[in-house]
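2 protein chains.
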Amino acid sequence: MNIVFSDRANRIKASEIRELLKLTTRPEILSFAGGLPAAELFPLEALGKVAKEVMLEEGHVALQYSPTEGFQDLREMIIKQRLHKVGIEANLDEICITSGSQQALDFVGKMFINEGDSVFVESPTYLGALNAFLAYGPHYLEIPLKSDGLDLEVLENMLQNGHKGKFLYTIPDYQNPSGITLSLEKRKQLMALANKYDLIVVEDAPYAELVLTGDQLPPLKSMDPEGRVIYLGTYSKTFTPGLRIGWVVANKTLINKFVQIKQGSDLQTSSLDQRIAARYMKQYHLDDHIDMIKEVYRKRRDVMIETMKKHFHKDITFVESTGGLFTWVCLKEGLDTKKIMEEALAEHVAFVPGVSFFASRDQHHYMRLNYSCMPEDKIKTGMERLAKVLNRYYTE
Amino acid sequence: MNIVFSDRANRIKASEIRELLKLTTRPEILSFAGGLPAAELFPLEALGKVAKEVMLEEGHVALQYSPTEGFQDLREMIIKQRLHKVGIEANLDEICITSGSQQALDFVGKMFINEGDSVFVESPTYLGALNAFLAYGPHYLEIPLKSDGLDLEVLENMLQNGHKGKFLYTIPDYQNPSGITLSLEKRKQLMALANKYDLIVVEDAPYAELVLTGDQLPPLKSMDPEGRVIYLGTYSKTFTPGLRIGWVVANKTLINKFVQIKQGSDLQTSSLDQRIAARYMKQYHLDDHIDMIKEVYRKRRDVMIETMKKHFHKDITFVESTGGLFTWVCLKEGLDTKKIMEEALAEHVAFVPGVSFFASRDQHHYMRLNYSCMPEDKIKTGMERLAKVLNRYYTE
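Protein sequences, first through last, are from chains C and B.
Going letter by letter, the first sequence gives residues 1 to 396 in the working numbering.
Going letter by letter, the second sequence gives residues 1 to 396 in the working numbering.
Next comes chain C alone, as it looks inside the complex (with noise of 0.2 Å):
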């Protein structure tokens, strides 16, 4: 039999994350890999309780179809709860509910890319987010990186010289992977940009409310009189990633052709994880809950971060983080550390190379820590080891 893929099909590869992380699931190894919530943390009493009653109470409803842009109440709790309290206010149809953010980049990427179309991205960003519009053919224009995000001279000098992107994949919080926090002034700065060029910009805020140290800056959406940011929240990183429950605010236009595009993906999201999640919303305080994990990551980073200092080589370099689950580490430009993973997997210990993150791979000396999945003391013994192999190169 011929099997024969459409081109896209053929641009599509399996994540080389989630082959990596295969390797590290040996006992013995300590991985800093993955980017998962710590599981130890989810509500389940909680939530077995609110299980059953949504069953026995209205589980008609809630294992029957279901409307596709999303349970109105648990809509209204996230426009509520989440949405007002950093400043975004939105009605009801502004608002879909899509399976976890990752359905809503696919959704971006189907709804906007013609191939060949440029779209701007930062360098490094969300693998995942470049696998999802990779699907759609995009050529993407890399924007660096600086300690206070976005480096927007080259942003606004690629504008100038006519670079027309459909739009630009932002993560301001806490950036997947560096742990990069896009400062106020540039915020502004940003949408000022945006506005002036006519950009469209996708924010991605899944680590947004993971604050560990300092304020919560306002989102881009909160600054966006005309309407052109596409925000995206999640459930995966402050609640549970298992419902699989994103949302996306924008206006109605543009909710209007997310439900369209919805229906012939997928039809809704689980109704049960929805009215589950809405549930709970009511009954509980999840801005309790997450305040409670962020007292257990913020531990856990600072032991990163000290043992980090204390046993790396002085020359290497890494993002203290101010919220999220990741950390950043630069080694000397010339090292590799694809290679050097190998090494740490001898040693008991694993991380993800760097190099998956930039849409050009073409960066080799950086790698994410992730620190929100480990106990303290598991992360101060795995980064001993990481500073004996890393420290080999250090040497001279």
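One or more of the hints may lead you astray.
It does not matter which identical chain is used: a pair holds within one copy or between any two.
Restricting the straight-line Cα-Cα distance to at most 30 Å, the calculated cross-link-like pairs of lysine-lysine (DSS-like) are [as the list claims (entries may be wrong)]:
id: 1; residue 1: Lys294; residue 2: Lys196
id: 2; residue 1: Lys22; residue 2: Lys252
id: 3; residue 1: Lys282; residue 2: Lys49
id: 4; residue 1: Lys339; residue 2: Lys52
id: 5; residue 1: Lys52; residue 2: Lys294
id: 6; residue 1: Lys388; residue 2: Lys314
id: 7; residue 1: Lys85; residue 2: Lys380
Note that these hints are calculated values from the structure, not bench results.
Values in this document were obtained by computation on a predicted structure and should not be read as measured data.
Dock chain B against chain C, hints included.
For chain B alone, kept in the frame of chain C given last:
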């Protein structure tokens, strides 16, 4: 702001049925327009128990990220309980869980269709499939349905004349919208044709287990030594659609590509829903549940058919479906069921005009009727109301 959608997004429209269904929700209207399973038959108590157990006993994994290809236990249960039973033998690497069959349809389009590629579809066929594929810009080659399924002479003629379809999309059992089933003889002929002309067959089987009269026929996938059939199963019609669980069964190369596509599209189907379904299948007998549903649907179908026979003008023909959820009414040519729908709503009864199910939108004298989610007395009343409307056109 200037919004420039992709060509793809411009092709995507809201489902005509979903828009229509909004008109039929007034309480006084007896609507046979939907395609919903009967919510009063959902096994709520069992699922409430199971959901709580999942949360308390395996919550840490049920709420965490999980593998893209699906929860292994669930895939095993489906292989053992659903596939084996109908003569499909599959290994674990030949099945991938999807978020309902609708997602599998989107993936099929994404996987195979380059803009302008031809695709064989039944005429009429499932609107949701037409819409899902449409995003990818196919040229539809329509194969008419006869009372025993696909008109294979037309298909063979097209294949002989060099029409190279990327795949054939078919619903062999109790088709949506027509209720028609592909005969056993024709199943064999179709597979012979597919093998001869190297054609991929997408077998959508959501209704296959809802046998109301006669025997369940073997799926095309069970007659497929060459591995050219992509089989789509789902719980939406036999268990519950709210959980959003479907499965694709295909050869390993194809499943590999499905998994890659799913990674970029939504990472995975809800971990919680998958574990609830798997645990239910272990503790209860889904077969017994399906038998119970069939008993109810059989009576509803009988009442619908009997009332139509009794009250519809003798020149109005309809499919006496032997399973599934639908029957299909054929009026005399020249009549337009979209217009008749307005009169029907005035008489407080609703159906789906058939035109939406034809890729070329050129057949106006059909309508689809659903009998699964309405009690018998209301089916009787509804068909009497409908007869009143339809018979007006047959008075001379």
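Now the hints, each set against the structure:
Taking identical chains as interchangeable, the C-alpha atoms of lysine 294 and lysine 196 are never at most 30 Å apart, the minima being 37 Å within one chain and 61 Å between chains. With identical chains, the CA atoms of lysine 22 and lysine 252 are at most 30 Å apart between copies only, with a shortest distance of 19 Å across copies and 41 Å within one. In the homo-oligomer, the alpha carbons of lysine 282 and lysine 49 lie at most 30 Å apart both inside one protomer (13 Å) and across protomers (22 Å), since each shortest distance falls under that limit. For the homomeric pair lysine 339 and lysine 52, neither the shortest alpha-carbon distance inside one copy (49 Å) nor that between copies (45 Å) is at most 30 Å.
For the homomeric pair lysine 52 and lysine 294, the shortest alpha-carbon distances inside one copy (28 Å) and between copies (27 Å) are both at most 30 Å. For the homomeric pair lysine 388 and lysine 314, the shortest alpha-carbon distance inside one copy (13 Å) is at most 30 Å, but the shortest distance between copies (87 Å) is not. Proximity of lysine 85 to lysine 380 under the C-alpha cut-off of 30 Å is found in neither arrangement, the shortest distances being 35 Å within a copy and 53 Å between copies.
Consistency with the previously given hints fails for numbers 1, 4 and 7, ordered from lowest to highest.
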